Amino acid sequence: MSIFIDKNTRLLVQGITGREGQFHSRQCIAYGTHVVAGVTPGKGGLEMDGVPIFNTVKQAVSDTQANCSMIFVPPAFAADAIMEAAAAGVELIICITEGIPVHDMLKIKNYLATRTSRLIGPNCPGIITPGESKVGIMPGSIHLPGGPIGVVSRSGTLTYEVVDQLSKQSIGQTTCLGIGGDPVNGTNFIDCLAAFEADPETSGIVMVGEIGGTAEEEAAAYIAEKVTKPVVGFIAGLTAPPGRRMGHAGAIVSGGSGTAQAKIAAFREHGIHVCENLGTIGRFCATIF
Amino acid sequence: MKIHEYQAKELFRAYQIPTPEGHVAFSLAEAENAAAALDEYPQVVKAQIHAGGRGKAGGIRVASSSKELRQAAADILGMKLINNQTGPEGKIVGKVLIEKGLTIKHELYLSILPDRATSSIVIIASTAGGMDIEEVAASRPEKIIKVHVNPLTGLQPYHCREAGFGLGLKGDELKQFMKLLDNLFTLFCAYDCMLVEINPLVITDDNRLIALDAKVEIDSSSLFRHTDIRDMQDESEMDPLEVDAQIHGLNYIRLEGSIGNMVNGAGLAMATMDIIKQAGAEPANFLDVGGGASAEMVEAGFKIMLSDPNVKGILINIFGGILRCDVLAEGVIQAANAIGVNVPVVVRMEGTNAEEGRRILSESGLSLISATDLADAAERVAQIGR
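Going down the list, the sequences are from chains H and Y. Per full-length UniProt numbering, the first sequence runs over residues 1 to 289. Per full-length UniProt numbering, the second sequence runs over residues 1 to 386.
No lab work stands behind these hints, which were simulated from the structure alone. Here the structure is a predicted model, which is why all the values come from computation and not from measurement. All C-beta atoms in this analysis are idealised placements derived from N, C-alpha and C, irrespective of residue type, glycine included. Some clues are possibly wrong.
Said to hold, decoys possible - The list that follows gives simulated cross-link-like pairs (lysine to aspartate or glutamate, DMTMM-like), each with its CA atoms no further than 25 Å apart:
no.	chain 1	residue 1	chain 2	residue 2
1	H	107	Y	182
2	Y	146	H	217
3	H	168	Y	239
4	Y	312	Y	239
Stated by the list, open to error - Covered stretches of chain H, as calculated for chain Y (at least 3 residues, CB under 8 Å):
no.	stretch
5	126 to 139
6	181 to 189
7	237 to 244
Claimed, not checked - Residues from chain Y that keep clear of chain H, each with C-beta distances beyond 12 Å, as calculated:
no.	residue
8	103
9	225
10	248
11	279
12	318
Here chain H stands alone, though its shape is the one from the complex:
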């Protein structure tokens, strides 16, 4: 078992003929993901490594029964791409694109509330169920299939670091995903925690947060109330200066809120096992799980 994706996931890639889209589609195929379609407006009828390309998501879904989309289109067109996928009824939309304007995301988020699709991201590394399916840009080789730990994070490479340390401790993963570094995103920590809690194969969760916003605080309160499985928490950005955006659009301490200190305090208050030093998170997890 896993959350959100598994070996039956049928992936379509929006922006499959772009440089990044093509490279990562090939990586996903090499990992074993069923990439069933690509969408690039104007290139319908062509193929990429045997994968049929369509002009519209609607046509791709109707012809291939794709149930998941990975989006690589540039920021100016990404809002359109997400809404096209949602309108076509794609169950799971994973948007890798970084730099989508916040006002676009506000509209998308409110539009998605009227649809059945789940959005992961944007500005995220994607999601992987090790050994079954990879929908994203993470290096597949660092993951250890078979579980029993779920990993959820706001970051990309920071997640790889955590996963790598887990694998080196022989701690496998059920599903690992990044929910993105933007201030407004689709799936949040709580959605992932609920899914991991409901997944019988997952016996523990690693949650990796960072400065900015209050998503970690809300997740901590949710964990205290609803999550029975042990949770290890890590927060990046203790040394981040206030008022500066730390790379991720959402990583900013503003008006004294969103600090790493406040998030760590919330984690402790709600019984989350806080790892203070990233260099030791693998060993730390080995003592908890």
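Given the coordinates of chain H, work out where chain Y should sit on it, guided by the hints.
Frame of chain H; chain Y shown alone:
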């Protein structure tokens, strides 16, 4: 992205939001010309920097004659303004806004910003104008009116009524307020704003609502559709190294410490800074070279770190995903050969092609310190920084 008050007021005027009559001046001569054009006194001289709290720091002065105005402008132009918003190093004032003075009856507060927790747009209004709004929110929360707007349906008249009646306005003042808020909201959406703030929004003795101050912050991610705003960027407000980094597509923020660090990915970069601190040293910067960094970007990042005289050592921490470790290693060598590295460099790399990357570095003949893992890297770099 922040813009100056005078630039924000230009936008306000374009959207029919009333502002005091005024002109920006970059020199004393320009200030005198601006004052002469306004003709009447009193006038106000306002320092144009990207920080609030200017009044208390001596950056805003009222002048009741041309002589006083000349003196005020001479004092403020070129002054180093220091308060908790500018940081300890302060900001040099290079331009002033000269405005016609107003007789003020009431001061209100009005702002619009995206609310990440509810994915809506929130209007914040208060009768406690002219004060630090975060302080008001903390000490007198009953003074804060919040109205949430769905971004899909946009601003409706009832939102404006909720805010306007909440402020105790009626009659013509309420009418003026509703029009002003409507225009401000249109501006907020048209320019992808992260914040529009009027503090204070004043009611004059002749019952006019006027934006005495104006603060506008625009989403940097949206600049592709606002080229007019991109031209408003004031590089004199930025650290020169940060300007250089921006040109190379690097996310760089200069800090106070002595350990430079270059990392791929924002989260890992923050965590790397934290690790440096935990090991007993202080990070000199935040530098995220991104997932798709090229050898050229790595070289540019190296140069920028070495341009900071505080840097005593450098930690390169790369988790190879999209950015392969062998590509990074070549970038490091290229940079080291091109610029000559005069401080110790600790390299830690993991992930895609890490073995190959380590081999390239070890065969390069450069005196790089190779770390086995993150904990080891932090310890080695802290030895340099302590």
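Against the structure, the hints come out as follows:
1. H/107 x Y/182: holds, 19 Å
2. Y/146 x H/217: holds, 22 Å
3. H/168 x Y/239: Violated, at roughly 41 Å.
4. Y/312 x Y/239: holds, 20 Å
5. 126 to 139: It holds, with 3 qualifying residues against the three required.
6. 181 to 189: This one holds; 3 residues, not fewer than the three required, reach chain Y with a Cβ under 8 Å.
7. 237 to 244: Satisfied; 6 residues make the cut.
8. 103: holds, 32 Å
9. 225: violated, 7 Å
10. 248: Non-interface label on residue 248 of chain Y holds, nearest chain H Cβ at 14 Å vs cutoff 12 Å.
11. 279: violated, 9 Å
12. 318: It is violated; residue 318 of chain Y is separated from chain H by about 8 Å at its closest Cβ, not greater than 12 Å.
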